[in-house]
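Q: Sequence:
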Amino acid sequence: MSTLAAILAGTGLGVAHADVNPALGYDAVADKGSLYNIAEVVGAHEAYKRGYTGKGVGVALIDTGVAPVAGLTSGNVIHGPDVSFDSQDPALAHVDGFGHGTHLASIIAGRDVAGTPSSYLDPARFSGIAPDATLVNVKAGASNGAVDITQVIAGIDWVVEHAKDPGLNIRVIALAYGTDSTQNSSVDPLAYAVENAWRHGILVVTAGGNDGEATKTLANPARDAHVLAVGAMDDAGTVDPSDDTVPSWSTRGTTSRHVDVVAPGVSVLGARVPGGTADTAHPQARIGDRFAKASGTSQASAVVAGEAALLLQQAPSLTPDQVKALLMKSASSISSTLPIFGGSGLTDLRPVLPNPLGYLLKTVGSLVGSLFGSSWSSGTGSLEAARGSAHVSADDVVLTGERDVFGLPWNGSTWAQQTRGDQAWAQGSWRGETWTGAAWQDRAWPTATWDHGDWSGMSSSSNAWAAKTWMGSTWSAKTWMDADWS
Numbered sequence: 001m002s003t004l005a006a007i008l009a010g011t012g013l014g015v016a017h018a019d020v021n022p023a024l025g026y027d028a029v030a031d032k033g034s035l036y037n038i039a040e041v042v043g044a045h046e047a048y049k050r051g052y053t054g055k056g057v058g059v060a061l062i063d064t065g066v067a068p069v070a071g072l073t074s075g076n077v078i079h080g081p082d083v084s085f086d087s088q089d090p091a092l093a094h095v096d097g098f099g100h101g102t103h104l105a106s107i108i109a110g111r112d113v114a115g116t117p118s119s120y121l122d123p124a125r126f127s128g129i130a131p132d133a134t135l136v137n138v139k140a141g142a143s144n145g146a147v148d149i150t151q152v153i154a155g156i157d158w159v160v161e162h163a164k165d166p167g168l169n170i171r172v173i174a175l176a177y178g179t180d181s182t183q184n185s186s187v188d189p190l191a192y193a194v195e196n197a198w199r200h201g202i203l204v205v206t207a208g209g210n211d212g213e214a215t216k217t218l219a220n221p222a223r224d225a226h227v228l229a230v231g232a233m234d235d236a237g238t239v240d241p242s243d244d245t246v247p248s249w250s251t252r253g254t255t256s257r258h259v260d261v262v263a264p265g266v267s268v269l270g271a272r273v274p275g276g277t278a279d280t281a282h283p284q285a286r287i288g289d290r291f292a293k294a295s296g297t298s299q300a301s302a303v304v305a306g307e308a309a310l311l312l313q314q315a316p317s318l319t320p321d322q323v324k325a326l327l328m329k330s331a332s333s334i335s336s337t338l339p340i341f342g343g344s345g346l347t348d349l350r351p352v353l354p355n356p357l358g359y360l361l362k363t364v365g366s367l368v369g370s371l372f373g374s375s376w377s378s379g380t381g382s383l384e385a386a387r388g389s390a391h392v393s394a395d396d397v398v399l400t401g402e403r404d405v406f407g408l409p410w411n412g413s414t415w416a417q418q419t420r421g422d423q424a425w426a427q428g429s430w431r432g433e434t435w436t437g438a439a440w441q442d443r444a445w446p447t448a449t450w451d452h453g454d455w456s457g458m459s460s461s462s463n464a465w466a467a468k469t470w471m472g473s474t475w476s477a478k479t480w481m482d483a484d485w486s
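Counting from 1, one number per residue, gives the positions in the sequence shown under our numbering.
Some clues are possibly wrong.
Stated by the list, open to error - The calculated lysine-lysine pairs, modelled on DSS-like cross-linking and capped at a C-alpha distance of 27 Å, are:
1. 49 with 362
2. 49 with 32
3. 55 with 329
4. 329 with 362
No lab work stands behind these hints, which were simulated from the structure alone.
From a predicted model like this one, the values you see are computed outputs, not experimental measurements.
Given these sequences and hints, build the entire structure.
A: As C-alpha cells, then:
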C-alpha cells in the first residue's frame, strides 16, 4: 500500500551527498530513506547484533512478483505459484513487470550476498530488514497491476496449505493490497481468507491504505481485527521519536478500528525493475542504477513484515496474536498525532529483543488466548461487495458479480469450508479449476490455463485483459496500497 509510493520520490531526489556509495547510488547513512537508516530506526540492527536476521523464517509476499535484480538473487527468494494473468506467458510468469513486488521484496529480505549477522550492520552493503529470511514469491498482480480479488484469495489459500512445505516455514504474509469493500468483515470473503491464515499460525501484515481523506477508513482486509494493519510515518531520518509525523495520505481509521502500528514509509529506497511499468512511468524516482524511492503504507508494511521475521526467528513459538501484541506494546507513541492516524506508534524492536515472551507477559499479562477479540468472519458474504470498486475487464467486459476469476459461480459457504479444511487447492487446481498442469514440484509452476473462464459471453482464454493500473488514483482505495511513484 504505498502510494506505489505515494510519494515515491518525495523531496530531495537528485540531491548529491559527499559520501554517495557508487555501488548503491546514494549515501546510506545520510539518506533517511535508506534501509540502513530504517533498520536503525526500528531496532533491526539490535537484532543483528544478537544474531537474528530472519534466517529460517518464511515470508510470503503476495504481490506483483519479484524480478531477478541485484539484491534479490543471493538465494533466499523462492517462487510459489503465479496466479496472475501473466502466468499465461512463460516469459512473464513469476517475474515482476510492474515494480511494486520487487520494491517490497527488497525491503523485507533483500541482500547482495549472504553474510554473518554482523555484516548486515555495514552501511556499504545493501540489506533488507530481515536479510536472511526466505522470501516466498506468490504473484497475483500482472505487469499492469491487473488483479481480481479472487486471485489474491487463491494466493492466500495456497500459502496456508503450503506453509509447512520443506524449506518454506511460512510464518508471515506480506499483503500490501486492499479494496473498498462495501460489507462488514464479519462476512467478507477476503477477511475470511486472512483470518484463516491467522488461525493457521501465520501473521498477516497488511497496509492500511493511502486515502488520507476524512471520509475514508482502512482498506479491506486491514480493517479486520485479525491482521496487523500498518500505517506510514516519516521518521525525519532520526531514531528520536519526538520528530516523527504521520503523512496526511496515510489512511486514517476510526476510534474502533485504526492501524495497529506505523513504520517508516516515506521515500524508502528499494530495488527497482528497469523498464518495468512504474520505472518507465516515473523515471524521477530512480536513484542510481539499481534503486527507486517510494512512499506509502506498502513500504511501511514491508518493514514490519521484516521485523516480524526477526522476532519469529528469536521466538518461533510466538502466535500471530503475540507478535501483534509485542509490536504494538513496544511501539513508540507519536505525540504529534492521534491513534486514528498512528495507532500504537512507531514499531521498535529494542524493548522486545532481550526476552520477547517475558516482555509480553509483563505488558499484556497473558501468553495464551486470542488477544484481539473473538469475532471471526463467516466468509459467506458477497464477492462483488468485497471487490468494492476494483474490477478487471477483458475487451471492455467487466468481471462483476458472484463469479471468480475463471468466470465461474462463487459459493462462499463451499469455499469457506474448503479453505478452512486445507482443501481449496488440489495440486495445481484451485476450487476445481486448473491453474497449472502439474503438482507442486521443485517449487516451479508450469503455465496456467484459463480454458473455463467465461462471463457475459466472453472467454478469458481468448481475449486480451485490461485493468485499471496503480497509477494516480485509478484504483479506488488503492487496491495495492499505492497511488504513484512521484
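Q: Quick one, are residue 49 and residue 32 close enough, alpha carbons at most 27 Å?
A: Status holds; Cα separation ~21 Å.
Q: Can the restraint linking residue 329 and residue 362 be considered satisfied, given a maximum Cα separation of 27 Å?
A: With Cα atoms ~10 Å apart, residue 329 and residue 362 stay inside 27 Å; holds.
Q: Holds or violated: residue 55 and residue 329, Cα atoms, limit 27 Å.
A: holds (24 Å)
Q: Check whether the Cα positions of residue 49 and residue 362 lie no farther apart than 27 Å.
A: holds (24 Å)
Violated hints for the displayed structure: none, as all numbered hints are satisfied.
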